[in-house]
Structures are given as C-alpha cells and as structure tokens.
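Enquirer: Here the structure of chain A is known, so what remains is to put chain B in place on it, guided by the hints.
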Amino acid sequence: MSLEELWFVLIAVLFVGFFFLEGFDFGVGMSTRLLAKNKHEREQIQATIGPFWDANEVWLITAGGALFAAFPNWYATMFSGYYTLFVILLLVLIARGVGIEYSHHAKSDQGKNLWYWLFFIGSVAAPFLLGMLFTSLVRGMPIDAKMHLYGSFSDFVNVYSLVGGLAVVLLSLVHGLTFIGLRTTGDVRKRAISLLNKVYILLFVGEVIFAVLSYYQTDLFTVRPVATPLLLGLTVLATVLGMLFANKKREGFAFTFSGLAIVFVVSMLFIGLFPRVMISSIDPSFNLTIENAASGHYTLSVMTKVACTLLPFVLGYQIWSYYVFRKRISPKK
Amino acid sequence: MEVLDLARIQYAITTIFHFFFVPVSISMIFFVAIFETMYVWKKKKIYLDMSLFWGKIFLLSFAIGVVTGILQEFQFGMNWSEYSRFMGDVFGAPLAVEALLAFFMESTFIGVWMFGRNKLPKWVIALSAWLVALGTTLSALWILAANSFMQEPVGFKVENGKAVLTSFSALITNPQLLVEFPHTIFGALATGGFMIGGISAYNLLKKRNTEFFKKSFNYSMIVACIAGFGIVFSGHSQAQHLMESQPMKMAASEALWNDSGDPAAWTLIGDIDTKNKENKWEVNIPYLLSYLAYSDFNGSVEGMKTLQAKYEKLYGDNVNYIPPVKTVFWSFRIMAGFGGLMVLLSLMGLWFANRGSIVNKKWFLRSMIGAITLPFIANTTGWIMTEIGRQPWTVFGYYTTAQSISPNVSKGQILFSTISFSSAYVILAIIMIMMVARVAKQGPDIILKENVNTKVDLMDKEAFGE
Numbered sequence: 001m002s003l004e005e006l007w008f009v010l011i012a013v014l015f016v017g018f019f020f021l022e023g024f025d026f027g028v029g030m031s032t033r034l035l036a037k038n039k040h041e042r043e044q045i046q047a048t049i050g051p052f053w054d055a056n057e058v059w060l061i062t063a064g065g066a067l068f069a070a071f072p073n074w075y076a077t078m079f080s081g082y083y084t085l086f087v088i089l090l091l092v093l094i095a096r097g098v099g100i101e102y103s104h105h106a107k108s109d110q111g112k113n114l115w116y117w118l119f120f121i122g123s124v125a126a127p128f129l130l131g132m133l134f135t136s137l138v139r140g141m142p143i144d145a146k147m148h149l150y151g152s153f154s155d156f157v158n159v160y161s162l163v164g165g166l167a168v169v170l171l172s173l174v175h176g177l178t179f180i181g182l183r184t185t186g187d188v189r190k191r192a193i194s195l196l197n198k199v200y201i202l203l204f205v206g207e208v209i210f211a212v213l214s215y216y217q218t219d220l221f222t223v224r225p226v227a228t229p230l231l232l233g234l235t236v237l238a239t240v241l242g243m244l245f246a247n248k249k250r251e252g253f254a255f256t257f258s259g260l261a262i263v264f265v266v267s268m269l270f271i272g273l274f275p276r277v278m279i280s281s282i283d284p285s286f287n288l289t290i291e292n293a294a295s296g297h298y299t300l301s302v303m304t305k306v307a308c309t310l311l312p313f314v315l316g317y318q319i320w321s322y323y324v325f326r327k328r329i330s331p332k333k
Numbered sequence: 334m335e336v337l338d339l340a341r342i343q344y345a346i347t348t349i350f351h352f353f354f355v356p357v358s359i360s361m362i363f364f365v366a367i368f369e370t371m372y373v374w375k376k377k378k379i380y381l382d383m384s385l386f387w388g389k390i391f392l393l394s395f396a397i398g399v400v401t402g403i404l405q406e407f408q409f410g411m412n413w414s415e416y417s418r419f420m421g422d423v424f425g426a427p428l429a430v431e432a433l434l435a436f437f438m439e440s441t442f443i444g445v446w447m448f449g450r451n452k453l454p455k456w457v458i459a460l461s462a463w464l465v466a467l468g469t470t471l472s473a474l475w476i477l478a479a480n481s482f483m484q485e486p487v488g489f490k491v492e493n494g495k496a497v498l499t500s501f502s503a504l505i506t507n508p509q510l511l512v513e514f515p516h517t518i519f520g521a522l523a524t525g526g527f528m529i530g531g532i533s534a535y536n537l538l539k540k541r542n543t544e545f546f547k548k549s550f551n552y553s554m555i556v557a558c559i560a561g562f563g564i565v566f567s568g569h570s571q572a573q574h575l576m577e578s579q580p581m582k583m584a585a586s587e588a589l590w591n592d593s594g595d596p597a598a599w600t601l602i603g604d605i606d607t608k609n610k611e612n613k614w615e616v617n618i619p620y621l622l623s624y625l626a627y628s629d630f631n632g633s634v635e636g637m638k639t640l641q642a643k644y645e646k647l648y649g650d651n652v653n654y655i656p657p658v659k660t661v662f663w664s665f666r667i668m669a670g671f672g673g674l675m676v677l678l679s680l681m682g683l684w685f686a687n688r689g690s691i692v693n694k695k696w697f698l699r700s701m702i703g704a705i706t707l708p709f710i711a712n713t714t715g716w717i718m719t720e721i722g723r724q725p726w727t728v729f730g731y732y733t734t735a736q737s738i739s740p741n742v743s744k745g746q747i748l749f750s751t752i753s754f755s756s757a758y759v760i761l762a763i764i765m766i767m768m769v770a771r772v773a774k775q776g777p778d779i780i781l782k783e784n785v786n787t788k789v790d791l792m793d794k795e796a797f798g799e
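Protein sequences appear in the order of chains A and B.
Residue numbering for the first sequence follows this note's numbering, starting at 1 and increasing by one per position.
Residue numbering for the second sequence follows this note's numbering, starting at 334 and increasing by one per position.
Next up, chain A with everything else stripped away, as it sits in the complex:
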C-alpha cells in the first residue's frame, strides 16, 4: 500500500470513527427534546455522554487536521468550496458545544432551557449538514482545472443531498436512542426503546430512498459494482438486527449494530470515492485524487510514524474512559 493510500484509509477511519462516536452524541442531543419529558430526564439523558462528547468531537478536529496535512488540496478545495455550509456548520457546532457545557452552569430553569435548545438544534443540524456534505461529495461538484470549486446553490442543496442529510440525522438518532437504552435505567430506558421502533421505520424508508437515489445520482454502483450494493445491504441488515436486539433488551448488541450501520454507510462513501477524493462534475480529468491532492512523501512518512506511535495510547485511554464510566445512569431523585 502506498503512503497516499494509507492516509486515505486513515482519514476514512477518522471519519468513520467520528460518525460512530459523535453519531450517538448527536442522537442523545436530539433525545433531550424528543424523549425527555422533564428537566430531570433531560439531565439524565445528557449525563450519558457527559464524559465523552468532548473527545468524540476531537475526532472531527483530527480528521480536519489530517486532511490538511495529508491532502492539502483536498482540504483547500473542500473547505473553500463548501464555504457557506461550513460557516453554518461551525455556528451550529459552537451553539451545540456551548449549550451542552453551559447547561451545567446555568442557574435558572429558563437559562438551562436556552442552553438545552441550543444543544438540541446543534445536534439536529450538525449531522444534517455533514450528511449533505458527504452525499454531494460523492455526487460530484463543479471543480475546475485549477482545483477551485465554484458551486451553485443546487450543487449543494438538491434532493440527493437533502435525503443524505436526513439519513445521517436518522442514523444518529437511532444510534443515540440505542445508546440511551444502554446507558440508563428506569422510564427513560423503556421509552427510548419504544421511540426507537418508530424511528427505525423512518430509517428503513430513508435508507431505501438513499440507495435508489445513489444508483441514479452517483457512479458508486458502476465504480464499485460489488462493494456498493454489498455495503448498502449490510447497512439495512445491521438496521434490522439493531431493531430486533433493541426490542429484546439486548442493548449491547443493539448498539453494536446501530453503530455498524453507520460504519457501513460511511465506508461505502469512502470506498466509492477512492482513489478520487473529490469528483469533478465538469471533467473527470479535474478530479482530485489521492495522487494530485497529497502532501510530499516525507511529510506522509513522518506523520505515519507519529500516528503509529500515538494511536495505541489514544485509543487505549479513550477505551479506558468508557470502561471507567460504564455504569448505567438512573434518574435524578
């Protein structure tokens, strides 16, 4: 495997990890309004991600940093090309991060409520925007010979990207509700499962529409005639199994499968992109690929050494922190 290929895989892994981890964070955020009936439940739900959400968001920061370092042209084209989307995404992430943190510090109920609203809005909007970003990425964007992206409104906002955004929101919500089922006791846990059943039905519909649109709107099926349908099938299978286990109160398994559904979808997008990193809708020769977007060999090899040395520690203490906070959270008395 070349270094460029390795870094493409690493960046894909960082995004998969981000969507897996922050996915349930987002879902938990949505549940503070959709599931919680009062402020005690809201706090109980929020407490499930208390020690983790910060580190989960760092996966996005790391993915961004790795993109900058390993594929500067990808980073530059995407971030400047998706300008408005990123502005809104940043505002949403600011609102969400501040909301979750400051709800601890608010004194009055109104104050707390305001922070919870920000947390909720951020938790819905962020996965939606990221879903739009990635679906329009595989659909192709008007990138010129100089690697500059001049997109019109419909390049960013169209049926496919909207469905993609919605699908990521639903995946996150399912994953989050399953996580709440896993991490709580009492009434909240029961209601999380029953809400889950309804959301799962929406998710099935969403997945099917997404798969059909992917067939017509992208070249995912032609460039990966085996992997794309296989991973889409696995996504649906994981969704079915997740729902079954959730109803049997086997939340550990349910969580594994709701997470796997996310892993399969995101992997499908990255496998479909490879070896391109951004697809030009103007001319395939303007595509950004792992070759023309990458950093020099020396930079990549230094970063490979750094990553190989540090990753075991990073993963080690993150897993340890999940082990430390493994107990279920009961409602506040």
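Simulated from the structure, these hints should not be mistaken for lab results.
Note that beta-carbon positions come from the ideal geometry of N, C-alpha and C, so glycine has one too.
Be careful, since some hints might not be right.
To be verified - Just a few of them, taken from the derived set where beta-carbon distance is under 7 Å, the chain B residues facing chain A:
(1) Ala396
(2) Val400
(3) Leu404
(4) Gln405
(5) Ser417
(6) Gly421
(7) Leu428
(8) Leu433
(9) Phe437
(10) Val445
(11) Gly449
(12) Lys452
(13) Val497
(14) Met768
Expert: Just chain B, lined up with the frame of chain A:
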C-alpha cells in the same frame, strides 16, 4: 473593502477571541493540577474546594476555547485556500499532531477529572488534571510550531510552487519557536495568576471566605511572579532573535524609519507620520535600543527605509514591505508596559501576602481587580505585534497574504461569515463574563451547593448486565 481585507479582519477577530480563552485554560488547569496534587498530599478539603472552584472557571473557558478552536482550524481552508495549498505539506503536520497528541489527551482526561471523582482514587484524578495541563501545553507547542514556521520558515524547500517539508526536526527546533513558546506559556500562566489574584482580591475585600481566598491569592501571586519574570526574560530573548530574523518587524515596533546610529536610543512614545515616513516628535531613552537589540550598550539598528530597499532587492519591488507601523509600535508598548506592571504588582502581592497584611491593603486589592484585564490586553497586543508586524507576508519571505486568499469565495460569503462569527463571539463573550462574574461573586459556596446534588450517586447499575 475587498475580500482580502474582510478575510484579514475575520482572521484577526477569530484569533484574538480564541486567544482570550486559551491562556485562561492553560493556566487554570495548571492551578487545578497543583491543587489536586496538594489535596492528595495534605488531604485537606480546602484544596479540593480550590480545585473545584477554579476548575469551574477553567471549564467555562475551555468550552469556548474548543468551539472557537475548530473555527481556527477550518478557517485556513475556508478563507485561505491558496495558503493551505502552498503550505499544507508543512503546516498541516503540526496541526494533525496537535489533534492526535494534545486534543485527545485534554478532552478525554477532562471527562475523567470532571466525572470520575467518586469512581477513581484521588491520585488518578490529580494525574488526570496534570495530563489535561500537559495536553493544553503540548497543544500550544504544536500550534506555535506552525506559527513559528510562518514567522521563520525552516526545514523545507519550494518545489513546483509549493513548500515541501524536508526536516521535521527543524520544524520543532525552529529558533523562533524556542523563543515564542516560553514567552506564550509564561504569558498564559500570568493570565491565570492575575485572574485568580483579582477574583480573590474581590472576595477578600468583601470579607467572604477569607481563608479560601487568602490561600488562593498566595498561590496565584507565586505563579504570577515567576511567570512575570519569565515573560520579561523570554520577551527580551525573542526581541533579540527578531532583530536577526525579522528586522522589519522590530524596526516597525520602534517606528524607526532611518538607521538608528550607534548607540541606538529607544523611542518611548512619538507621533508617527506614516505618510511622510517620519516621526513628528519622539521621546527617546538613550542606549536602550542597543541594549534591547544586542544586550550591549553599543550597536546600531537598521531602519525601515533601509530594510525596504534591501527587501526590494531580495523579494522584488512594487511591494510595500513596511507593516502598519502605528499598530505595531503601540501594540509593542502596551504589551511591554503592561508586562512590567504585572511584574511589579505580583511582587507587591507576594510581599503583602507574606507579611499577612493583605486583607488590610484595600487600595491594593482594588487595583488587583482592575489588573485582571492586564494580561488579556498584553496577550492580545503581543499577538497583534507578531502577526501584523509580519505583513505583507503570511510565510515570511515566501508567500504574501494577498496570494493566500481563497479565489472562489465571494465578498458576500465572507461578509456573511464575518458578521455571523463576530455576533456569535460578542454574545459568547458577554455570557462568559456574566458567568465568570457570578462564579466569582458566589465563591466556593457554589461548589458546596452543587456537591450536595451530585453526592447522590447518579450511576448505580452495571450497563452491560441483565
């Protein structure tokens, strides 16, 4: 206004705002780690209270530091895409390492420190605080490695119009980094010192929780004093280094249009006329500039006109290599003046605290409340001098700010982002100040109240059982 101006304004706003909170985080968690360690060692509850109380301010600032930090990272690609393409090979590596080595460590162990109290032994909590402190410091190291490269490019070559890294070790032993990093860290520690000092002074004046705030005050003044001297010495060595590496920045910070002559006098204040490239009047201190530049009372310093001529030969004419002189000149003076004032105040604070008479020195306590603003202004003007003084370059000698801009971003887009980020920041700043003020006023009682709530163990059943 053009896209370039707007992008620069946005960069200035977002960076200055982000750097209000970074020093607070760096220093507050350092204090927290000290108090946690004292708690393990002396087993006195007051140290736990101190950790929790000052930790609250840490958490408030960290939350904003994180969310505004994402913006800092993304903004390079959004507003400065051509810079990102040119420099990504070099500049991206420290950013990626920062995330991998520092951010994960901070964010994970903050969780452990915040929520692990009833689950883990005391020493693990203290260790977590130290790991967070280490993380924030490492984060500063890597981000400054990236910044130092822009000030003084090392360990690279230009290939096909792009910078290509050739030596990672040169990047992290950059002479600029070696002077910039200690100066920034000392500045951060002083920020926390003066914040704790000021809030303690306020409560001592009101005679609330005197024991708690006296102890906090003592610790804060020790750190502020060490940091103060650190700032002065590291600042001096940085200035000397800049004389070699970025003489134009130093000349601008002195408003030195013509060569100084030997020995060089230091301009305390003056009326700068940038149009005619002269100073209408100035107040000079003889010998001082020679000393600042060379640690010697002899030696002349080159003026901006000479340097402009030199740079034109080196980098091509038709470019104005003189940065905005007034901004750099006054930023430097405010920074240095406030730095000196901080040293003085921390020495006095230490003196009074040692003699045990601090509660009677009302005038001093009052000035310490006002002094909370000093490090913030000094930090900000320090960065303004560093970044504006480098203009017109983003990467000194290789790439200009005008070249760095994203060509595909419209004026409307960048206006929209600048307005929305700025408004979000203004709101955040107001809320932050209100929240810190509330915590400061309430004192450690706020912790007591919250502990009553959280003493009820929220977690009782195994997650993976049943």
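Enquirer: With chain A as the partner, please determine if Leu428 of chain B meets the hint condition of a C-beta pair closer than 7 Å.
Expert: This interface hint holds because 4 Å falls under the 7 Å limit.
Enquirer: Less than 7 Å between beta-carbons is the criterion; does Ser417 of chain B satisfy it with respect to chain A?
Expert: Holds, because the Cβ-Cβ distance from Ser417 of chain B to chain A comes to roughly 4 Å (cut-off 7 Å).
Enquirer: Can Gly449 of chain B be said to touch chain A, with a Cβ gap under 7 Å?
Expert: For Gly449 of chain B, the interface hint holds, since the closest Cβ of chain A sits about 6 Å away, which is under 7 Å.
Enquirer: Given a cut of 7 Å on the nearest C-beta pair, is the interface hint for Val400 of chain B held or broken against chain A?
Expert: holds, 4 Å
Enquirer: Using Cβ atoms only, decide whether Val445 of chain B comes closer than 7 Å to chain A, and label the hint accordingly.
Expert: holds, 6 Å
Enquirer: Given Met768 of chain B as an interface hint, is the shortest Cβ-Cβ distance to chain A below 7 Å?
Expert: Holds. Min distance 6 Å.
Enquirer: Quick check on Lys452 of chain B please, does its C-beta sit within 7 Å of some C-beta on chain A?
Expert: holds, 6 Å
Enquirer: Minimum Cβ distance from Leu433 of chain B to chain A below 7 Å?
Expert: Where the cut-off is 7 Å and the nearest Cβ of chain A is about 5 Å from Leu433 of chain B, the hint holds.
Enquirer: Would you check whether Leu404 of chain B satisfies its interface hint, that is, whether its CB is within less than 7 Å of any CB in chain A?
Expert: holds, 5 Å
Enquirer: Would you settle whether the hint for Phe437 of chain B is holds or violated, based on the nearest Cβ-Cβ distance to chain A being less than 7 Å?
Expert: Cβ of Phe437 of chain B sits 5 Å from chain A, so the hint holds.
Enquirer: Against chain A, is Val497 of chain B within 7 Å by beta-carbon distance?
Expert: holds, 4 Å
Enquirer: Against chain A, is Gly421 of chain B within 7 Å by beta-carbon distance?
Expert: holds, 2 Å
Hint check: a violation occurs at hint 4 only; the rest are consistent with the structure.
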